[in-house]
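Colleague: Listed here are the chains, written in short residue letters.
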Amino acid sequence: MNSSLPTFSMRRTWLDLSELQRSERQMEGGGRLRGFISIPISLGLLFRLREPPFTGRAMMRLLITMAARTMRALLLMLFAAVGTILLVRFAPGFFSDAREMDARYAQVAQAEMQMESARQQRVSVTAAKALEGWLHGDLGTSRQYQTPVVDLLTARIPVSALLLGKGIVCGWLLAICAALPISGLRGKNILWGAPFTVLLAIPVAAMATACIVSDAGGPVLVLSLLIAAREFKFLQSLLESAWRSPHLLLGRAQGMRARALLTLHILPNLAPQLCALATLSLVTALGALIPVEVVFTVPGVGELAWSAVMNRDLPVLATISLLMACAVGLAGWIAPRPAMLEVA
Amino acid sequence: MKKLLTAVFLLLLVLVAVFTLSWSRWSYAAQDREAILAPTTAVHPAGTDELGRDRLVRTAAALLIGLTGATLAAAISIVVAAGVGLLAGFSPRWIAAALMFFSDGFLSLPWLFFLMMVRSLLPLTASPLMTAVTTFVVLAFLGWPAFARAIYRGALGMRGSEWMIQGRASGLTTWQLMRLHVVPQLRSLIWPQFLICVPAFIMAEANLGALGLGVGEPIPSWGAMLMELDNTALLVSSHWVYLPIALLVVVLMILESFASEVKVYA
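These protein sequences, in sequence, are chains B and X. The first sequence begins at 833 in our numbering and counts up one residue at a time. The second sequence begins at 6 in our numbering and counts up one residue at a time.
Next up, chain B with everything else stripped away, as it sits in the complex (with noise of 0.2 Å):
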C-alpha cells in the first residue's frame, strides 16, 4: 500500500526528466524551431494524450466524460434561464402596463389586457412560452425598446465580445510580463507585486471613473488591469513552484537557456492550470463587463443587461442570463479538471 505512494513521483521525475533529455537533443540538433512548435502540440498534455498509450477503452471513458460534462452544462443554462424567469416573473411591478393608465384604450381593449394578463400570471404558461420560444430561435420583444431581443443582441455581442477579447488577452499579457520576471528572483519581494495588490482593492466601477476623469484609458484598460490583477499572484507562484522543480533545477544546473526552460518545459507542463485560469478569466471579465460598459457607455450586452434589470425587462433578461450562463458553462467544460485528467 504504502510503495504506491513514491511510485507516482518516481515515474513523473522520471517523466520530467526523459523530457529533459528529449529537449536537450533537440536542442544539440539545432532543433530550436522544433521546439517552439512543441509548445501548441504540447498542450494535447492538457489530457496526456501521448502518455500512456492512449487505448479504446480510455477513448471510450473521455467521451463519456465529455457526456456527462455537458449534459451538466446543458442543465446548467437550463436551471439559469428557468431561475431567471421565476426571479423576474415574482418581481414586483412586472405585470404593471402602462397602457392601462392610457385614457385612448376602449374599455374592451383594456379588459382584453387585464386578460392577456391574467393569462402570463402562471409561472408555468410563462417558463414555457419563453423555452418554447427560445428553441425557435425566438428570443422575444423587448418591453423598454419594443423591438425583437436578437435585433438588439445582433449589434451589441461583437462589441462586446471584442471587448472581452481584448482586456482578457492585454490583461494575460500583462500579467504573464509582470510575473515572469518576478517567478526567477531569488529573494521573495514583495514590492513588485504591490501594484497588482493595489489594483485588486479597487472596484472596476471606481477604476473605470477613475479612467475618465484622468482622460486615460478605456474599457480595455479596465479589464485589462483587472484581468491582470486577478491572474497575477496565481501565475506568479504556479511559476515559482515550477522554476524549483528538481527536473528544471538539473537543467539550470547543466547550463540550459531559460528560454529553452521555458518553452520546452514549464510553459508545456503548465498548460492545463493556465488554461482553467484563462476560462476563469472569462468569467471574471464576464462580471466586470457591466460596469465597465454602464461608465464608458459602451453599447454593448453589458450596457444592455443594466438597462434591462434597471426597467425589468424580463425577454431581455432572460436572454442575456441564458447568453452569460452559456458563456460560464463553456468555460467551465473547457476548463480540465484533475478528474479528467486521470481518465485521459
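In case anyone wonders, no lab produced these hints; they're calculated from the structure. Check before you lean on any hint, since a few could be wrong.
One side of the interface only, derived from the structure: several residues of chain X facing chain B at Cβ under 8 Å [unchecked claim]:
| id | residue |
| --- | --- |
| 1 | 116 |
| 2 | 123 |
| 3 | 126 |
| 4 | 211 |
| 5 | 212 |
| 6 | 216 |
| 7 | 231 |
| 8 | 234 |
| 9 | 235 |
| 10 | 254 |
| 11 | 261 |
Derived Cβ-Cβ restraints for the label pairs, each shown as a range [said to hold, decoys possible]:
| id | chain 1 | residue 1 | chain 2 | residue 2 | range |
| --- | --- | --- | --- | --- | --- |
| 12 | X | 80 | B | 1027 | 30 to 40 Å |
| 13 | B | 1012 | X | 237 | 35 to 45 Å |
| 14 | X | 10 | B | 969 | 55 to 65 Å |
| 15 | X | 47 | B | 986 | 54 to 64 Å |
| 16 | B | 983 | X | 237 | 30 to 40 Å |
| 17 | B | 890 | X | 188 | 35 to 45 Å |
| 18 | B | 904 | X | 186 | 30 to 40 Å |
| 19 | X | 188 | B | 979 | 47 to 57 Å |
| 20 | B | 887 | X | 97 | 29 to 39 Å |
| 21 | X | 134 | B | 944 | 38 to 48 Å |
| 22 | B | 1012 | X | 188 | 38 to 48 Å |
| 23 | B | 1076 | X | 27 | 46 to 56 Å |
| 24 | X | 97 | B | 966 | 28 to 38 Å |
By construction, the Cβ of each residue, glycine as well, lies at the ideal position given by its N, Cα and C atoms.
Position chain X relative to chain B; hints supplied.
Modeller: Relative to chain B, chain X alone:
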C-alpha cells in the same frame, strides 16, 4: 506579526470612525445649506458634498456601515455554506449531487450580474434602511455557493478518515460526530473563507452602489460615495472627494492582507 499589525490598523480606523461620528455635531444626513460644495473648513474638515452634507462624517459612517454589513452578511453566508457543505458531505450521494448542482446553478452566472439582477428584482422604492438591509441580505444569500463547495470538499475528505470510522464504531451518531469533531476540524477552512468573504462583499456593495442598485440615500455607503466621482465639477472643487475611494482601497487592502495571512497560517 503582520496579522497583528493589520488587525490593529483596522481597529484604529474603526475607532477613528466611531470617534468622528460621536464628536462631530453633524449627522450623516444633516445638510448645511450655507456650505454646499464647501472646501475644507474648521466646521467641515473634509468639505461637504453637493447637498451640503459633511464628507468626513459620511465617510466614517460609510466605513462602519460597510464593514458591519459585510461582516454580518459574510457570517450568514458562511453559516449557510457550512450547512449546505456539511449536509452534502454527510448525505447519500444523490442528495450531495443535487445540492452541489443547485450551488453550481448559482455559480453559472457571473457574480456581479447575478447580484445586480436579483437586487433589481427586489423592491427599489423602499425606505433607505430597508434598501441597506436588502442589499446585504442579497449578498449573504448569493455569496454562499463557492464556499459551500470548498466546505463540501473538506467534509468529504473527513468522511472516509480513520478517526471518523473509529467514531462511528464507538457508537457516535452523525450529529455528534459533526458537532464534536467535524466542525472543529473544519474551522481552519471556514475561518479563512469568512475572511475572504468580507472584502469581497464590501467590493460587491461598492460596485452595486455605483450602478445605482446599492444602499439608498441618505444612508452613506461606499457605492453611493463613489458616484460622487462622476461629478467633474466636484472633482475640480476639492481633492477631498477622493477620500472615500482612498479609504475604501486602504480598508480592502487591510482585509485582503489579513485574509491572506490567515490563509498562510491555517
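Colleague: Now tell me if each hint is right for this structure.
Modeller: Consistency of the hints with the structure:
The closest approach between the C-beta of residue 116 of chain X and any C-beta of chain B is roughly 5 Å, which is under the 8 Å cut-off, so the hint is satisfied. Here the hint on residue 123 of chain X is kept, as its CB sits about 7 Å from the closest CB of chain B, short of 8 Å. With a cut of 8 Å, the hint placing residue 126 of chain X at the interface with chain B holds, because the nearest CB-to-CB distance is about 4 Å. Evaluation of the residue 211 of chain X hint against chain B yields a held restraint, the C-beta minimum of about 4 Å falling below 8 Å.
A cut of 8 Å between beta carbons decides the hint on residue 212 of chain X: the least distance to chain B is about 5 Å, and the hint holds. The restraint placing residue 216 of chain X at the interface with chain B holds, with a minimum CB-CB distance near 6 Å, inside the 8 Å limit. For residue 231 of chain X, the interface hint holds, the least distance from its beta-carbon to any beta-carbon of chain B being 5 Å, beneath 8 Å. The restraint placing residue 234 of chain X at the interface with chain B holds, with a minimum CB-CB distance near 5 Å, inside the 8 Å limit.
Using the Cβ-Cβ criterion of 8 Å, the hint placing residue 235 of chain X at the interface with chain B is satisfied: the shortest such distance is roughly 6 Å. For residue 254 of chain X, the suggested interface contact is upheld, since its CB lies about 5 Å from the closest CB of chain B, less than 8 Å. For residue 261 of chain X, the interface hint holds, since its Cβ comes within 8 Å of a Cβ in chain B; the closest pair sits about 6 Å apart. Remark: the range hint 30 to 40 Å for residue 80 of chain X to residue 1027 of chain B is upheld by a beta-carbon distance near 32 Å.
Under the hint 35 to 45 Å, the C-beta atoms of residue 1012 of chain B and residue 237 of chain X, about 39 Å apart, fit the expected range. Range check, residue 10 of chain X to residue 969 of chain B: Cβ separation about 60 Å, and the 55 to 65 Å hint holds. Restraint check, residue 47 of chain X to residue 986 of chain B: a C-beta distance of roughly 59 Å satisfies the suggested window 54 to 64 Å. Distance hint check for residue 983 of chain B and residue 237 of chain X: the Cβ-Cβ separation is about 35 Å, which falls inside the suggested range of 30 to 40 Å.
At about 41 Å, the beta-carbon gap between residue 890 of chain B and residue 188 of chain X stays in the expected band of 35 to 45 Å. Remark: the range hint 30 to 40 Å for residue 904 of chain B to residue 186 of chain X is upheld by a beta-carbon distance near 33 Å. At roughly 54 Å, the beta carbons of residue 188 of chain X and residue 979 of chain B sit within the given window of 47 to 57 Å. Residue 887 of chain B and residue 97 of chain X have their C-beta atoms about 33 Å apart, which keeps the hinted 29 to 39 Å range intact.
For residue 134 of chain X and residue 944 of chain B, the Cβ-Cβ distance of about 41 Å falls inside the hinted range of 38 to 48 Å, so the restraint holds. A C-beta distance of roughly 42 Å is found between residue 1012 of chain B and residue 188 of chain X, which places it inside the suggested range of 38 to 48 Å. At roughly 53 Å, the beta carbons of residue 1076 of chain B and residue 27 of chain X sit within the given window of 46 to 56 Å. For the hinted restraint 28 to 38 Å between residue 97 of chain X and residue 966 of chain B, the CB-CB distance of approximately 34 Å keeps it satisfied.
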